[in-house]
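When you line the sequence shown up against UniProt numbering, it's residues 1 to 200, in that order.
Hints listed in this document are in silico derivations from the structure and should not be mistaken for laboratory results.
Errors might be hidden in some of the hints.
Said to hold, decoys possible - Below, simulated BS3-like cross-link-like pairs (lysine-lysine); rule was C-alpha separation at most 27 Å, straight line:
1) Lys43 to Lys23
2) Lys79 to Lys134
3) Lys43 to Lys79
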Amino acid sequence: MALEIPLDAYTSTSKVSKLNSKKAFVTFFSNDDYVKGVVGLVKSLRNVKSAYPLVVAILLDVPKEHREFLRSQDCIVRKIVPTHPLENQIQFAMAYYVINYSKLRVWNVTWPAELGSPPPLYFNAGMFVFEPSKLTYENLLQTLQITPPTPFAEQDFLNMFFEKVYKPIPLIYNLVLAMLCQHPDIQPGSSNAVSTPREC
Numbered sequence: 001m002a003l004e005i006p007l008d009a010y011t012s013t014s015k016v017s018k019l020n021s022k023k024a025f026v027t028f029f030s031n032d033d034y035v036k037g038v039v040g041l042v043k044s045l046r047n048v049k050s051a052y053p054l055v056v057a058i059l060l061d062v063p064k065e066h067r068e069f070l071r072s073q074d075c076i077v078r079k080i081v082p083t084h085p086l087e088n089q090i091q092f093a094m095a096y097y098v099i100n101y102s103k104l105r106v107w108n109v110t111w112p113a114e115l116g117s118p119p120p121l122y123f124n125a126g127m128f129v130f131e132p133s134k135l136t137y138e139n140l141l142q143t144l145q146i147t148p149p150t151p152f153a154e155q156d157f158l159n160m161f162f163e164k165v166y167k168p169i170p171l172i173y174n175l176v177l178a179m180l181c182q183h184p185d186i187q188p189g190s191s192n193a194v195s196t197p198r199e200c
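Required output: the full structure, derived from the provided sequences and hints.
Now the structure itself:
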């Protein structure tokens, strides 16, 4: 996350011990379109009694009421500034995809200061596990400036950048249910499967 704007105060008394955690969940949130998704994540983490806090990296266009609600749910709200590729180079598949490049800011995380031992690097553009690194962050931004954007924005970019090092997360963690319709032989616990798509 970008640290240009200070961390908002974290005042919950019930979860103060989480501030000392060396690990955290981080999610990206812009405007007000995805508030239900963030709320769903908050509730899921609460239901499994997560030992780690949730840091929500937000752009400045997130409404105040959403920020206040997230704080009331024991989220740590971080404001970040947008990141964009070179302008006017491509028509994205969806116009709003351009803002998703802002999620590159999570590589600049410095809260908590020590995130513990780095986990294995697994990612996709919607959900990934990563190791914060200032060097990686700077390399991402430098590469972004010389890489022509593609229709699927940061998803294409991240897959290109980490092509030789990433490993897919098993489907049990991030399965889109429509995949079961198109690939009936996929088992939720498997990491991948190949089949002939069929209509449902």
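Comparing the hints with the structure gives:
| no. | hint | result |
| --- | --- | --- |
| 1 | Lys43 to Lys23 | holds (18 Å) |
| 2 | Lys79 to Lys134 | holds (18 Å) |
| 3 | Lys43 to Lys79 | holds (21 Å) |
In terms of the numbered hints stated before, the structure departs from none.
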